[in-house]
Amino acid sequence: MPLTVRIEFGGGLELLFSNEKKHKLTIPNMVPKDNDTKIPPDSSKEVKPADVDYLIHYLRDHLLKERPSLFMENSTVRPGILVLINDTDWELEGEGEYELKDNDEIILISTLHGG
Amino acid sequence: MASESCGNPTADTDARMIRRPKFDRSKFCVKCKENTGNIVIRHAVYCKNCFMPLLTGKIRRCLESFINDKKSGRRTYLKASGNLLIGFSGGLGSTVLLDLIHRIYFPSKMESERRAESLKGGTAHPRNEMIWQETRVCYVEVCSAFPNMNDRTEEARAVVLKYEPFEFVSLRLEDAFDNKWWAKVGGKPGQGLVIDPTNEALYISKLEDTSLADPVQRLRSYLSALPTPTAIPSAIRMLVRLLLLFTAQSTNSSHLLLATNLTSLSISLISSISQGGGFTVKEEAQEKWSSDIAGEGTSRTVRLLRPLQDIGLKECSFWAWWNELHVIGRDKYPGAKQGIGALTRDFIVGLERDYPSTVSTIARTCGKLVPKAGANGTCVLCDRSLQIGVQEWKARISIRSLSDSTPPPASSRPSLSDHLCYSCVTTLTSRSSKVTARSDGPLPLPVWVQPYLKHSIPSEDSFDVAMEEELKEAGGEIWERRKVDESEMKGKISDFLLEE
Chain A
1 MPLTVRIEFG GGLELLFSNE KKHKLTIPNM VPKDNDTKIP PDSSKEVKPA
51 DVDYLIHYLR DHLLKERPSL FMENSTVRPG ILVLINDTDW ELEGEGEYEL
101 KDNDEIILIS TLHGG
Chain B
1 MASESCGNPT ADTDARMIRR PKFDRSKFCV KCKENTGNIV IRHAVYCKNC
51 FMPLLTGKIR RCLESFINDK KSGRRTYLKA SGNLLIGFSG GLGSTVLLDL
101 IHRIYFPSKM ESERRAESLK GGTAHPRNEM IWQETRVCYV EVCSAFPNMN
151 DRTEEARAVV LKYEPFEFVS LRLEDAFDNK WWAKVGGKPG QGLVIDPTNE
201 ALYISKLEDT SLADPVQRLR SYLSALPTPT AIPSAIRMLV RLLLLFTAQS
251 TNSSHLLLAT NLTSLSISLI SSISQGGGFT VKEEAQEKWS SDIAGEGTSR
301 TVRLLRPLQD IGLKECSFWA WWNELHVIGR DKYPGAKQGI GALTRDFIVG
351 LERDYPSTVS TIARTCGKLV PKAGANGTCV LCDRSLQIGV QEWKARISIR
401 SLSDSTPPPA SSRPSLSDHL CYSCVTTLTS RSSKVTARSD GPLPLPVWVQ
451 PYLKHSIPSE DSFDVAMEEE LKEAGGEIWE RRKVDESEMK GKISDFLLEE
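Heads up: the sequence lines are chains A and B, in that order.
Under our numbering, the first sequence has 73 at position 73, and the numbering climbs by one with no breaks.
Under our numbering, the second sequence has 39 at position 39, and the numbering climbs by one with no breaks.
Possibly wrong hints are sitting among the right ones.
25 Å max Cα-Cα, derived DSS-like pairs, lysine-lysine [as the list claims (entries may be wrong)]: (1) B:LYS332 to A:LYS65; (2) A:LYS101 to A:LYS45; (3) B:LYS394 to B:LYS372; (4) B:LYS22 to A:LYS33; (5) A:LYS33 to A:LYS101; (6) B:LYS22 to A:LYS101; (7) A:LYS33 to A:LYS45; (8) B:LYS282 to A:LYS48; (9) B:LYS368 to A:LYS101; (10) A:LYS65 to B:LYS337; (11) B:LYS372 to A:LYS21; (12) B:LYS368 to B:LYS282; (13) A:LYS22 to A:LYS45; (14) B:LYS48 to A:LYS22; (15) A:LYS21 to B:LYS282; (16) A:LYS21 to B:LYS27; (17) B:LYS372 to B:LYS288; (18) B:LYS368 to B:LYS288.
Keep in mind that the hints were calculated from the coordinates and are not lab data.
Next up, chain B with everything else stripped away, as it sits in the complex (with noise of 0.2 Å):
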């Protein structure tokens, strides 16, 4: 019921609220203020001219921070230790971010002379140019994911290709499960592993099905194994991710540079903390990278950075309009529209229309979040920091007896769940109420995934048949925890039960 305070806005014309305008003071532009203003960015009204300055000042200070090795001393220009890799998707944001940084730092012959002749010194000074050495931009095309896709490759080279010097490089979703492609990256080629996602622990055998030899069997496998339609983007971009990463490493890229603006950004901090990935909040926003598994024997640390992350989809929008940038755009992913991540997109871009400021407040208080307990390692399939206890605490929290299942049978076999973050073991077992799993097949894991296990579980092997032996020689007892049946639970204290 309405407050009688409020009034009633049919009867009483004046009891209506006035729409308040969704800019501060004048039309005029806040910086120059002479010109009439043109755009509306969360209040504070610019003209035309001062919008472009405006964003590439933006580009600048979320980048060049970290542009420079720490290690290699304090130095007056900027000068990367490797080379950039930009990924690019064929969407708004990465259109933007490759005409940006390709303003910014590969400024064309004559406008290099403009600017020496205006500037005297200063990181914008054309002989500090070249920043890095060589500049790729790759693309991911993941059509082979789902039928009917349209194979956009050549569309993405023609706009790269406008770009000198950039190079393109094209990459594809299914390569995740190739051994050409890992061995290509410097990984070395192993037979395959696939999981039983029907059970959590997610016991590892080897992939012996050989329908499943081509990579996009693969791929295609993966994905309908999934549990829920949210675990499908959030798969891809996790793949997507890893792809780009193995591939900066491997071309000595020192920069992975990501479109990700504040809009995006903020949908996908609200959707990962969603999808248990609360633990990684951090590297959502940015994040430093290296792998030992794949190159010869260097692991070349690698900075992931988003440096439109202050810049909303609305400033994107204008500045491609403005600048007649040609967005060949992206296909929806069949079934995304009910997942988190396509809800919650819808959320932020209404809230962002009502309330401009809450986007932004989104991501910044999302970057002043520090995880409570310490990291232990990486998860195996997606490359980030693995959080203490987890198992324990999921454990703990979670009902996970159906009433007509039977307990599971002690296994020797290795079990994936107990190397990934919560986040992946959430997208690989999650399942809804309502969805089941959509096949119950084998799911075969991405490339990565064997030489990261190499790594983890024979060290821990080891320690444990040292220990079992060490125990024995001292007489001690060897206790196992495992999951028994009711009738072996009644047996076992059968001379203990009153009887009836």
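Next comes chain A alone, as it looks inside the complex (with noise of 0.2 Å):
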């Protein structure tokens, strides 16, 4: 069953994402293990629950519009993207492993945006 997940942008991330601040996603419930994101997805590859991982990386492939240097690093977000997984700081829900529910919101803030 897919989940649907809402995202928001903020502290001009959302200059990448075609200046759109408010997304709704809907992504499969389970997703292959090294997060790619082609579609559809292969059946041969060895599969996970869906968490923010694979959603960052989905982010790059299908909604980032330009620079993905300055969203991904190291298979993560860019050191000064904060994440909040419903309002809470990702670092509280285990930050990239965090397995999706359905009807999630992930907010995305970028700090770099001066200072």
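The task is to assemble the complex, starting from two chains supplied on their own in separate frames and drawing on the hints.
Given below as structure tokens:
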């Protein structure tokens, strides 16, 4: 069963995503372990429940419009980008390993938009 | 090669290190111990309700011991001796600072009444409000420095005017080269000076080039004559700081608040030390400044404070998000990406994510540093302390001769480098081996340099003239040190040379 996830960008990060702050995504509940976001997914690959790591890769591959290096570094978000899962710091939720639930709200904020 | 004791994670899954959570103990707030946490700040968990007073408490702790003037004796309530000026850049830090200062010290009428009911006394009681008579927020627009940058003055004005009773003050970076602005802050307009940036002595001459009459042109010539991409953001920072300080003095402000947060303070400390600013490392955190070259003979002391210096970039970002603050942002300077400042920023921001406590350690450690040597006046450009004997030290440690250069002729022209701190000399002269100077044209100096030089040079000249006359009368010798070229040197010692 697919999951619906709400995404919101802040702190200027939306500029990389066609200047749209809010997005609604539908992603599969089981995803490839290597975070390959190809649609339709390769059925021969090992799978895991959809997590924030997969979501970050999905955002980069399907929503990002420019400069992926400003969004991702070493398979996670770039330092200086904060992630909130349902209004809570993702460090409290297991960071990228947090397993997504239907209707979760994920907020990504850039802290480097001037300071 | 990996040590055997570490094991091989690909072959043996038990050898993989378990990722440690980034917070201590439980997911409950360390303060109220009831609510589930919403944010992790350097391994400690806080809920949203406790996070808000945590930040206001940090601001109060950082600011309030510096509000009362020590001379006015011990007071039980807070009262500043002058007005308040807040520097606003439009970035995240200054948006958060503006909001926090307004919430803490300028509450709405409704909030005042609520507080009056709940508090019997103390510094937070509304009767002790209005610590500063007038509060201004100063925005310095830097768009004229580079082509294709957006002017955000009106956006900044709109943000500031939301906070009653703050008054908006707009400045432009080119004001640093504008006699009109200088006269406005009480300075005496002068003809203007330029230096030759290609010579390390930085010989000063009067500004005669009519193409540099416009302050914007002067600003652009100043920036384009700087030798490295690193020097540009450093120069802009210095100009903004002085523009704000002179504005603070002219508006009778006893306090100037800047929005440097813990992360940006650590960045500026490391970056400033790497650019030769180690002597004034204490001033990066806070400084007490006064000047008698502007204003009507009065030299009001302005205390420059950074109330966010215990609050990291992450906390600022959460505050802005949870309070729905609009951050207008700032454009990046062209070419600044390759500079030391930007590289230090990338390094520190990465460090903050992986090792959150290390960033506060940088600031705390730098706070303990004390310069070894004493100060000898102030730098005429940045108006910070001048280290004794810095020129001699630089002459000893630097290799300055280039193979194809001829020795500089002895010059009677005054040299600026003798009146600059090591950091400013480095900004103006230190060339990278890869990047050549962007322009060899004259480098116009900001309006405050001439009055500062007048303060330091005439006294020195009159001292030298008096000494010379005294020596002549006594039949003594006057020694002069100057560089000579090879043929002149050979001529002087020709009688003593052995024939080949």
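*Can the restraint linking LYS372 (chain B) and LYS21 (chain A) be considered satisfied, given a maximum Cα separation of 25 Å?*
violated (52 Å)
Assess, step by step, whether the Cα of LYS33 (chain A) is no farther than 25 Å from the Cα of LYS101 (chain A), and give holds or violated.
Roughly 17 Å separates the two Cα atoms, so the pair holds.
Next pair to validate is LYS21 (chain A) with LYS282 (chain B); report whether the Cα-Cα distance is within 25 Å.
violated (41 Å)
Q.
Would the hint linking LYS368 (chain B) and LYS288 (chain B) be met if the CA-CA limit is 25 Å?
A. holds (17 Å)
Tell me if the straight-line CA distance from LYS22 (chain B) to LYS33 (chain A) falls inside 25 Å. Distance of about 24 Å is within 25 Å: holds.
| said: Holds or violated: LYS282 (chain B) and LYS48 (chain A), Cα atoms, limit 25 Å. | reply: Status violated; Cα separation ~52 Å.
Taking only the CA atoms, is the gap from LYS368 (chain B) to LYS282 (chain B) under or equal to 25 Å? Status holds; Cα separation ~8 Å.
Restraint check for LYS22 (chain B) with LYS101 (chain A), where alpha carbons must lie at most 25 Å apart: holds (22 Å)
*Under the criterion that the straight-line Cα-Cα distance not exceed 25 Å, is the pair LYS101 (chain A), LYS45 (chain A) satisfied?*
holds (22 Å)
Keeping to a limit of 25 Å between CA atoms, is the pair of LYS332 (chain B) and LYS65 (chain A) held or broken? holds (20 Å)
* **Proposed proximity, LYS288 (chain B) with LYS372 (chain B) (alpha carbon, max 25 Å)** => holds (20 Å)
Quiz item: Holds or violated: are the alpha carbons of LYS22 (chain A) and LYS45 (chain A) at most 25 Å from each other?
Solution: At roughly 31 Å apart (the allowed maximum being 25 Å), LYS45 (chain A) and LYS22 (chain A) break the hint.
Comparing the model with each earlier hint shows violations of hints 8, 9, 11, 13, 15 and 16; every other hint is respected.
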